[in-house]
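**Student:** Residues per chain, in single letters:
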Amino acid sequence: MEATVTTANSEEKTWGGGNEPMNASYGKMMMWFFIVSDALTFSGFLAAYGFSRFKFIETWPLADEVFTHFPFMHGVSAPMYYVALMTFILIFSSVTMVLAVDAGHQMKKNKVIVYMFLTIIGGLIFVGSQAWEWKNFIKGEYGAIETKGGSILQFVDKDGKQIALADFAATLHEERNQLTRNEGTWFMEEASLPSYSVAEVQAGFKAHPDLLIRTEVINEKKQKTILSRAESEQRLAEAALVVEGANLIRNEYGSKLFADFFFFITGFHGFHVFSGVIINIIIFFNVLLGTYEKRKSYEMVEKVGLYWHFVDLVWVFVFTVFYLV
Amino acid sequence: MSHEHVSNIGRIWKVFGILSVVTIIEVILGIYKPDSLHHGQFLGLSLLNWIFYILTIFKAYYIVWAFMHLEGETPSLRWSIVSTVIFLVVYLLFILLTEGHYIYGVFKDSTIKWNF
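Line order of the protein sequences matches chains A and B. Residues 1 to 325 in full-length UniProt numbering are what the first sequence spells out, letter by letter. Residues 1 to 116 in full-length UniProt numbering are what the second sequence spells out, letter by letter.
It should be emphasised that the hints constitute simulated quantities derived from the structure, not laboratory data. Misleading hints may appear alongside valid ones.
Sample of chain B residues at the chain A side, in silico, Cβ under 8 Å [what the hints assert, rightly or not]: (1) 17; (2) 18; (3) 85; (4) 99.
Computed footprint of chain B on chain A; a stretch qualifies when at least three of its residues, placed anywhere within it, have a C-beta under 8 Å from a C-beta of chain B [stated by the list, open to error]: (5) 15 to 28; (6) 40 to 48; (7) 82 to 91; (8) 282 to 292.
By construction, the Cβ of each residue, glycine as well, lies at the ideal position given by its N, Cα and C atoms.
With the hints as constraints, model all of the structure from the sequences given.
**Tutor:** Here you go:
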């Protein structure tokens, strides 16, 4: 037990051993070392995100047009609500965690158990929500065209409302077989084909004179630029690929780097939440078994609490830079 | 340990209230994006984004001070953590954002359009 909880001996001389620098126990100090280094890791990622966003500041996707889903509300554009809900869940699980730490200070085992349990549930709900968010992001909603130059073209009606490829693409009876491993000469295969071919989208566009193309370029009203019909037809002639949803190579929302950073940073954060839940579960069972009751100190709960709050802290920044700004 | 083991429950719920209110304000501003704030500029950043960043720092302060309980630690521990992180983060952001802005200029004004 001495290794995990040291009791300060302030009677000794400073260099005589047995005391605690800065009045923090060894474990707590090491948790802070870890948190500082992890904070710098996340800062590195977020700064890299800022770097890439500054590079493509005029074409970066607008969060309002990307994250618009809410459970059980199909087809309703509800930007922000879902991620706000996730933020509340995480803040609330931070509150139950700090209540568990507080109960631990007073050696109230049963209260610690209840609050730790609530924290774990909150963490699991958050990770689940993030998985749902990823699912929508990967699946995409409208589909888009990538030009030869690598720009993304989206389709809107004359009111500027985005239109899905499925709503206008023509059905051409053309055969295009997917290359699978068993048909390849060598170890060749390709990603699953999009639902529509470029020719089908172009034909459908021609048949619907109301449709216009929205480019990635952000105009001075801070909205994506919508081209005139003539310009739209001209741009669409350069079409190279149909893009549906998002992966690490391309995405229908715009800049390729946007999806990469989204996956990487929210994924890394989600991984932290997940490991936080695992660590919380371990400590939760220790509390149940009465380990800390015997140790006469609930400092372990405090240490995992620090980690848990750190995860919440990171989310506050991720929320701002990905969804608000 | 310097902790006097009194209950901080009142403080915890107060901080939860503050964090919730700030988040609600952020979400409302994020949904409605008032034109005056969205288009007003100050030092190269829209007023709305200034508000978002300031509120973020405000929330971070409460999480670190109240939940992570730095307010109860000795000042030497508190500031060796906070000042280190703030200094390095500001430094890194300054370098990377300046560089990103420069590359934006290169893409805009020269023949290179896309190389990474």
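**Student:** Each hint: holds or not?
**Tutor:** Now for the hints, and whether the structure bears them out:
For residue 17 of chain B, the suggested interface contact is broken, since its CB lies about 10 Å from the closest CB of chain A, more than 8 Å. Here the hint on residue 18 of chain B is broken, as its CB sits about 10 Å from the closest CB of chain A, past 8 Å. Because the beta carbon of residue 85 of chain B sits about 5 Å from the nearest beta carbon in chain A, less than 8 Å, this interface hint is met. Taken as an interface hint, residue 99 of chain B checks out: its beta carbon lies about 6 Å from the nearest beta carbon of chain A, inside 8 Å.
Given a C-beta distance limit of less than 8 Å, the hint that chain B covers the stretch 15 to 28 of chain A holds, as 4 residues qualify and 3 suffice. With a cut-off of 8 Å between beta carbons, the stretch 40 to 48 of chain A has 5 residues touching chain B; three or more are needed, and the interface restraint holds. Restraint check on the stretch 82 to 91 of chain A versus chain B: 4 residues with Cβ-Cβ distances below 8 Å, three needed, restraint holds. Requiring three or more residues with a Cβ within less than 8 Å of a Cβ of chain B, the coverage given for the stretch 282 to 292 of chain A is violated, as only 0 such residues are present.
Checked against the numbered hints given earlier, the structure breaks hints 1, 2, 8 and satisfies all the rest.
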